[in-house]
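So the chains spell out like this:
2 protein chains.
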Amino acid sequence: MLRPRFVLFGDSLTQRSFEDGGFGAGLTSAYQRKADVVLRGYSGYNTRWARLLLLKVFPVSSLVPAKLVTVFFGANDAALPDRLGARQHVPVKEYSDNLRAIVEHVRRAGAEDVLLITPGPVHEPARVQHNREERGAAPSTEVPERTNAVAEQYAAAAKRVGQALDAPVLDLWTALQREPGWEALLSDGLHFNEAGQRAVREALLSFIAERLPHLRPDAMPDDFPSHRDIDEACPADSFAES
Amino acid sequence: MLRPRFVLFGDSLTQRSFEDGGFGAGLTSAYQRKADVVLRGYSGYNTRWARLLLLKVFPVSSLVPAKLVTVFFGANDAALPDRLGARQHVPVKEYSDNLRAIVEHVRRAGAEDVLLITPGPVHEPARVQHNREERGAAPSTEVPERTNAVAEQYAAAAKRVGQALDAPVLDLWTALQREPGWEALLSDGLHFNEAGQRAVREALLSFIAERLPHLRPDAMPDDFPSHRDIDEACPADSFAES
Numbered sequence: 103m104l105r106p107r108f109v110l111f112g113d114s115l116t117q118r119s120f121e122d123g124g125f126g127a128g129l130t131s132a133y134q135r136k137a138d139v140v141l142r143g144y145s146g147y148n149t150r151w152a153r154l155l156l157l158k159v160f161p162v163s164s165l166v167p168a169k170l171v172t173v174f175f176g177a178n179d180a181a182l183p184d185r186l187g188a189r190q191h192v193p194v195k196e197y198s199d200n201l202r203a204i205v206e207h208v209r210r211a212g213a214e215d216v217l218l219i220t221p222g223p224v225h226e227p228a229r230v231q232h233n234r235e236e237r238g239a240a241p242s243t244e245v246p247e248r249t250n251a252v253a254e255q256y257a258a259a260a261k262r263v264g265q266a267l268d269a270p271v272l273d274l275w276t277a278l279q280r281e282p283g284w285e286a287l288l289s290d291g292l293h294f295n296e297a298g299q300r301a302v303r304e305a306l307l308s309f310i311a312e313r314l315p316h317l318r319p320d321a322m323p324d325d326f327p328s329h330r331d332i333d334e335a336c337p338a339d340s341f342a343e344s
Numbered sequence: 103m104l105r106p107r108f109v110l111f112g113d114s115l116t117q118r119s120f121e122d123g124g125f126g127a128g129l130t131s132a133y134q135r136k137a138d139v140v141l142r143g144y145s146g147y148n149t150r151w152a153r154l155l156l157l158k159v160f161p162v163s164s165l166v167p168a169k170l171v172t173v174f175f176g177a178n179d180a181a182l183p184d185r186l187g188a189r190q191h192v193p194v195k196e197y198s199d200n201l202r203a204i205v206e207h208v209r210r211a212g213a214e215d216v217l218l219i220t221p222g223p224v225h226e227p228a229r230v231q232h233n234r235e236e237r238g239a240a241p242s243t244e245v246p247e248r249t250n251a252v253a254e255q256y257a258a259a260a261k262r263v264g265q266a267l268d269a270p271v272l273d274l275w276t277a278l279q280r281e282p283g284w285e286a287l288l289s290d291g292l293h294f295n296e297a298g299q300r301a302v303r304e305a306l307l308s309f310i311a312e313r314l315p316h317l318r319p320d321a322m323p324d325d326f327p328s329h330r331d332i333d334e335a336c337p338a339d340s341f342a343e344s
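Protein chains in written order, with my numbering: chain C, 103 to 344; chain Z, 103 to 344.
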């Protein structure tokens, strides 16, 4: 059996998803013997730059199309256009167009299911503190370079793209803020600390179980027989069909 | 750039290596943007059964041969032939022959580096307790089905195979027992709990850094440009060569 692939495509929130408690590691563990989880996270990337990777990350002629692709961008697109992260800013209209192009390309490359993940919430005081620590006190570090209200606009745009393209959307902006003290899930007001990683992992695994039940781990076969089923006397017989 | 692959081939100690703190997740994190870590762990398998997977897991005609393969078997081969795990037992002489065949096949399939990992230590009282909990009190559960002394013989055999084939060997049996209170690294006297997972991860990353310096994360290129190097005005130019 050729094991199916799950591809995690996104920015640093994806790139760092194999840290302790992370959703990448969590998916790999949940789908051991069932699916290969492929990490395609690109720290700092917005959707404009991500589009330039599409043909390489998802070649249309791929021999083994992905069974599931998670598309998790927006945290950098939502950087404000007149502050520290201006370089990364992409207007919300273009963000929507880019997300749509990404989903359409990934489907054209054979992906069976595409799952959109909205950007998570932003804790502004922690961003200010982080920027001040990184760059020193200055007028530019007195105001956050991302805000939670703007993150919400990008999350809403991702949801609209999902609806229009009939792709399921995990609304992480809302899901994380349902947790009391959600600010403590973020290490720098944007990235997940270990508790945040675990919260995202749980949200994603629950979402898959509910919205994509054919992809539940127990709905997917293991590759090769369980060691309990191997014929002790003639083990090769147990592998004839696998 | 086609990202190189690291393949983790082994038994349950490999299959479970994406649990919290695990070496699979740790390698994926350490090699983000640099290498794909592919999990090929088969719980309960000994080397006799693992050999039956070789042509499928490591096809000789593979388009993308592995850059690194870890081969981590022996925990099941070392089950005693006259106790509960008898089904999994493989004599140490055959274990050596099988390991040699695995390394030779993996190299023939194009792997650049093969790293052997010896079985880890066994904490016998915890095995007795585990077996009693799993199967109830009985004469067969009063004695451990694996012993630390026998695990050492398999670890020694793996080291000899590595020397003979000029393959580096991480001696986990010795490395873990160097830690005071090493018994507390195991959940059931055999598998790693979270502290054990972290200890194995550290041992493996240090071993790679020391013995395979060309595979150190900082010696391997990232795929695609850093977001800091993308030309804001003409982003496509930044991807022309990648």
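Worth flagging that the hints you see were computed from the coordinates, not collected in a lab.
Any given hint could turn out to be false.
Distance condition first, Cα-Cα at most 25 angstroms in a straight line; then the derived DSS-like pairs of lysine-lysine [what the hints assert, rightly or not]: (1) K136(C) with K136(Z); (2) K195(C) with K261(C); (3) K136(Z) with K158(C); (4) K195(Z) with K261(Z); (5) K136(C) with K195(Z).
Which residues of chain Z face chain C? A partial, calculated answer using Cβ under 8 angstroms [stated by the list, open to error]: (6) E121; (7) R150; (8) L155; (9) L156; (10) V162; (11) H207; (12) G283; (13) W284; (14) E285; (15) R330; (16) C336.
From a predicted model like this one, the values you see are computed outputs, not experimental measurements.
Ideal placement from N, C-alpha and C gives every residue a C-beta, glycine not left out.
Hint by hint, here is what the structure shows:
1. K136(C) with K136(Z): Cα-Cα ~24 angstroms, so holds.
2. K195(C) with K261(C): holds (13 angstroms)
3. K136(Z) with K158(C): holds (15 angstroms)
4. K195(Z) with K261(Z): Holds, at about 13 angstroms.
5. K136(C) with K195(Z): violated (33 angstroms)
6. E121: Hint holds; E121(Z) Cβ to chain C Cβ min 6 angstroms, cut 8 angstroms.
7. R150: holds (6 angstroms)
8. L155: With Cβ-Cβ at 6 angstroms, under 8 angstroms, it holds.
9. L156: violated (11 angstroms)
10. V162: Violated. Min distance 16 angstroms.
11. H207: Cβ of H207(Z) sits 15 angstroms from chain C, so the hint is violated.
12. G283: It is violated, given that the least Cβ distance between G283(Z) and chain C is near 22 angstroms, above 8 angstroms.
13. W284: Violated - the Cβ of W284(Z) stays beyond 8 angstroms from chain C, reaching only about 21 angstroms at its closest.
14. E285: This interface hint is violated because 23 angstroms lies over the 8 angstroms limit.
15. R330: Because about 7 angstroms separates R330(Z) from the closest Cβ in chain C, which is inside the 8 angstroms limit, the hint holds.
16. C336: violated (11 angstroms)
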